[in-house]
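Protein chains in written order, with numbering that gives the first Met the number 0: chain A, 0 to 157; chain B, 0 to 380; chain C, 0 to 373; chain D, 0 to 258.
Hints in this document: simulated from the structure, not taken from any laboratory. Heads up, a few of these hints could be off.
[As the list claims (entries may be wrong)] Output of the computed footprint for chain C on chain D, the stretches with three or more beta carbons under 8 angstroms from beta carbons of chain C:
| no. | segment |
| --- | --- |
| 1 | 29-41 |
| 2 | 118-124 |
[What the hints assert, rightly or not] Below, in silico cross-link-like pairs of lysine to aspartate or glutamate (DMTMM-like), each with a Cα-Cα straight-line distance of 20 angstroms or less:
| no. | chain 1 | residue 1 | chain 2 | residue 2 |
| --- | --- | --- | --- | --- |
| 3 | D | LYS31 | B | ASP176 |
| 4 | A | LYS143 | D | ASP95 |
| 5 | D | LYS249 | D | ASP210 |
[Stated by the list, open to error] To give a feel for the contact side, a few chain C residues facing chain D, derived at Cβ under 8 angstroms:
| no. | residue |
| --- | --- |
| 6 | ARG75 |
| 7 | ARG76 |
| 8 | PHE97 |
| 9 | ARG98 |
| 10 | LEU328 |
Cβ atoms here follow ideal geometry from the backbone N, Cα and C, with glycine treated the same way.
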Amino acid sequence: MQPDDLTRVLAPKLGENLLGVEAFEGMAGRVRFRREAALDLFRAVRDDLSFAHLSMVGGIDWVDHREVFYVAWSDSARQYVLLSTDVPATDAHVETASAVWPSANWHERETWELVDITFDHHPDLRHLLTPDGYAFHPLLRSFKIHEPEELEVKTRHV
Amino acid sequence: MSEMWINMGPQHPMTHGLWNLRVRIDGEVVLDVDPEMGYLHRGIEKISEDRHYNEVVTLMDRTCYVAGLAWEHLYILASEQALHITPPERAQYIRMTCEEFQRIGSHIMWYAAFVNDIGLMTPFLYGMRDRDLVLDLFQSFTGARMTYEYMRVGGVRNDLPPTFTDQARKVLDWLTDRFREYDQLCLGSSIFHKRCDHLGVLKANDCIAHGVTGPMLRSAGVKRDLRKDRPYARYDAVDFDVAVADGADVTARYLVRMEEMRQSIRILRQTVDWLEHHPGPVMAEHLPRWLGAPYAPVGREGYLLKRNYAKGVGFSAVEEPHGEAQAYVVNEGTEHPYRVKFRSPIFANLSAARQYLVGYRVADIPPIMGSVDPCIGEVDR
Amino acid sequence: MSQATLYSVSYDLSNTIASALGSVLPSGARDLITSSGVVTGFAVVIFAVIILAATMLNTILLIWWERKLLGRFMDRRGAMHVGFAGLLQNFADGFKLFRKDTVKPREADPLGFYFGPTAYMITSLAIFGILPISSGWDTGALPLTLLLALAIFAFAPLFIFVSAWSSNNKYSLMGGMRSAAQMIAYEVPLLLAVVSVVIVAGSFDLNTIVYEQQNYWFWGPLILALIVFVAAMLAEMERIPFDLPEAEAELVEGWNTEYGGMFFAFFMFTDYLRALVGSVLVVLLFFGGWTLPSWVPSVATSWPLAGIFWFMVKTYIVFGVFVWIRASLPRVRTDQLLRVGWNRMIPLGLVSVFVAALLVVAKCVWPFGCLPTP
Amino acid sequence: MATEITATEKPNQNPILWVARPMATAARQFAKSLFRPSTIVYPYERLEDPEFREKVAVASGKPIGLGQVWDNYRGVHALNIATCISCNLCQFSCPDLCIEMVTVPGGDPKHPKKCPEIDYGKCSYCGFCSDACPEGCLTMTTRYELSVTKRSDMVYSPQRLNEVFKTKLPMNPIRLARPANEDSILLDVPLCIGCNACARDCPTQCITMLDIPKPEAKAGEKIPKRIWKEPVVNDSDCVRCGTCISVCPKECLFWGTRK
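Required output: the full structure, derived from the provided sequences and hints.
The structure is reproduced here in structure tokens:
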């Protein structure tokens, strides 16, 4: 399956919410979409493109915005596809995929607590890896494990 | 007895690690389960952001401590894609050899722990005895028994010692005999069948819906193996079969794992032959300078002039002993990865716990969870 | 007195001590000490102490034997550092447990928590006052020794349940329930197997049962009863494959989860004590007790205490088979265990009773021979 | 759709043989291990002892210990203080920050000699430090017994590491080749003031200060006030430790490709 095939199926369903399909080495392609169309895209990808198996949901903190990416696998095409959407850092939320793929449940819980991206209508958005009530989101770039001066090697021969 | 919640874990013989399975029971029947994770969360993804590309390898051994080399392979494949590096062919074969031996080691470890869960202590020690041989092999070329730190971006740290091929063949012969013994102890015993047949059934549709992969998925009759479907390294050049069973129960998972070990031996005989006859470099020639082969000139910020190397995103998926592991590495042109995200197969397999535990008995939980082969290090990362 | 018995030895010892003491004491006290009542009472105490010491030593030796055997079954060595071949390892372990504190959970019921393990051990120890280990080495000819031994043996679930209930732990509670269910379920087949032996031997007295085996041991014709008895004994002893009450994989440690220190040692010790009782009963009921087949040259049996020696050898071999079973079989599940107990073992036990009745009627069975004529 | 799995053992449905096969297997193993169990009586028998390895391998029939299992084991480090050049590369390459450079006697009073002190409480035995050591003076040995009663004993001073070196334990023989395309130290000429700091602190003495001609003052142009010397790095001797870069007061040295 090539990026063109993805575009052909997804473009009519999503319209302008599909921001583009790029080639990605080792995958069917990388689909960029607007978060408003998340559920439509998930359904289209699962039902029309037969990517029945959601493998991974993750988030990246790009400081000015955040990115949510999904990796899904199709048994018939024997390929992965990467779906990604950008959400603003101030209002980081996206529709949950767990209604479409139940496997998204824990991945989204993890993404929520580590990268601070809220998944709307998630059935069970609780802390998974960090303790309940943990106030930080460790995978944000603003969360430092070392202070920079600790990280630097001590100066020698002063 | 009325309904009650009991905590199986975080310190419980069944857990094989640190996690808590909260179980609601009525008498001995399981009504509901709620896995609680996070007791072993070490923030490996976060620490990786502060480390040099090669230094992340030391963390990979600690994600899954029984399948360290498979995780190193996973991370290295993603990093190489993100950094646009191609390793030499010999390095790829060495990595395959590592991964398959690691699969055998991990499955033996699983066998040992799983059979111990159903009350049979003997195979535990047989398994440990035989896994030691695999560890001896690893020690002979990586220098460590569990935390190998062997693979590097662009290849592997050092070449195999000259005696490796002979010794590997001896180990493979020994293991082939031992696997027969394992089967006699388990499949030959009707108590084993009484304990494991029709237990923890998770059908193919549920597996796919809940993201379950690996031996659990293959035991449900789905013939999916990334080594066949999406060959990485040089898995396209070796000949093997995918082990599939149709029971979808604990016995089927046992059968799949045992067969996988036999297939691993088949692969290993081919790769060992190849390695014997094809000497060559084990590191890529043209690496970004700061990766500087295993020898890293300067690893810390402050001494490295910021330079813009080609950015890239790497994604790799590896058929780890427990299932499909995936890594997503974002390279922003610095010496540290910008973001590393791992997908642990057991993470997904455990998230479906409710599907395969509810309705069975308390005494069935250890064999079922044992057949999932939880390795909490990689779930919590 | 032609043959030394345990009581005669105790009495002689008591008499010697009393006269030795009396020789240095003033006459009033001498009369008191050498009076027959005191000497007899003292003899009983010595008798009990000897039995207790022998039982404890044997149990500890039995643990050692299991550790070594299990080690070899598992391709390892077992205990080997403390003492010769690790013989003193269990003493070291016992000493360690003795020094450790027993932590009582705050909500636990102290009475049951401490009373349970203690009573469990004491009742099990009491069985050894009854079991004969060689001709003359017993408490004397009680007519119903076997029945009494089994009755005391059947006490255990009560105390297990008491300790499980009072430790206020869910796992303990489940272990206690399982233990009670399992022991009650296997009490019936156990007794059926015993009944078939009793039918053939015609007596509840263990001495008589052994005497009745002089022509052939009962395990041959009563193989069904032996199988039922061994299986039921495994369940009663809570050993793998029937160690569900302890099932460390799911119930942590079952009914002794909350115990530590000496009370845990009581439990562990008593488990092996019961294993010893089981092995001894198997030997007494099915393997001719302290006797050897008549074709064995008399050299093997003529020396003093040969009966005890052969009895112990048999006991340890029988226990070795239990260890062998433990080394090769996984644990079954509760419902399966109970199903096997009620659905398989009880019918088998009934069949074996029938077989025993036939045996009594037939008197002589090829190739075993005839029952001794009274 | 499924590949047939060839189960070597068919489920045993005969109730009489319920337990026979596993018991037979266990008995076979019992008979085997009566002569030579697979365990090793550790403090007395050691796998790193090659004679013992062969004895076990022959006695138990197991293919253990044959070949060079222990040759490149990564255990406690051995440090040869005499050849250490205080380049700090081990410290840089340590992912766990467990190496600290401490002063050892024997250096020049102005520039004390610094050798690694390793905190084994943090060390992960990854071997990056011994890989990075350009002189081969920090290696890893087969020693793996580290139990101590005090946490401070986990810290091995250079002298203590030197003691390990003197025991002549087998040491990791693997020397990694230096990459062909390493970076070099380059000089940003206009910034240099010729202060000699880099040449003074260079652990390998591969920097020489060469005289450069003092330019003639032109009209209206001020000659910068500096020493008229310039560092020249000998790339073949350079170990790429970056000491010169860190001590340069004007930040005029940097990594780069020499044209």
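Going through the hints against the structure:
For a cut-off of 8 angstroms, the count of residues in the segment 29-41 of chain D with a CB near a CB of chain C stands at 8, and the three-residue condition holds. Counting residues of the segment 118-124 of chain D whose C-beta sits closer than 8 angstroms to any C-beta of chain C gives 0, which falls short of three, so the coverage hint is violated. The suggested pairing of D:LYS31 with B:ASP176 holds, with an alpha-carbon distance near 14 angstroms, which does not exceed 20 angstroms. Of the supplied pair hints, the one linking A:LYS143 and D:ASP95 holds, its CA atoms being roughly 17 angstroms apart against a limit of 20 angstroms.
Taken as a hint, the D:LYS249 and D:ASP210 pair is honoured in the structure, with Cα atoms around 19 angstroms apart against an allowance of 20 angstroms. Because the closest C-beta pair between C:ARG75 and chain D is about 4 angstroms apart, less than 8 angstroms, the hint holds. Because the beta carbon of C:ARG76 sits about 5 angstroms from the nearest beta carbon in chain D, less than 8 angstroms, this interface hint is met. Contact between C:PHE97 and chain D, as hinted, is not supported at the beta carbon level, the nearest pair being about 26 angstroms apart and thus beyond 8 angstroms.
At about 21 angstroms, the closest approach between the beta carbon of C:ARG98 and any beta carbon in chain D exceeds 8 angstroms, and the interface hint on this residue is violated. About 6 angstroms separates the beta-carbon of C:LEU328 from the nearest beta-carbon of chain D, less than 8 angstroms, and the hint is met.
Hints 2, 8 and 9 from the list above are not met by this structure, while the remaining hints are.
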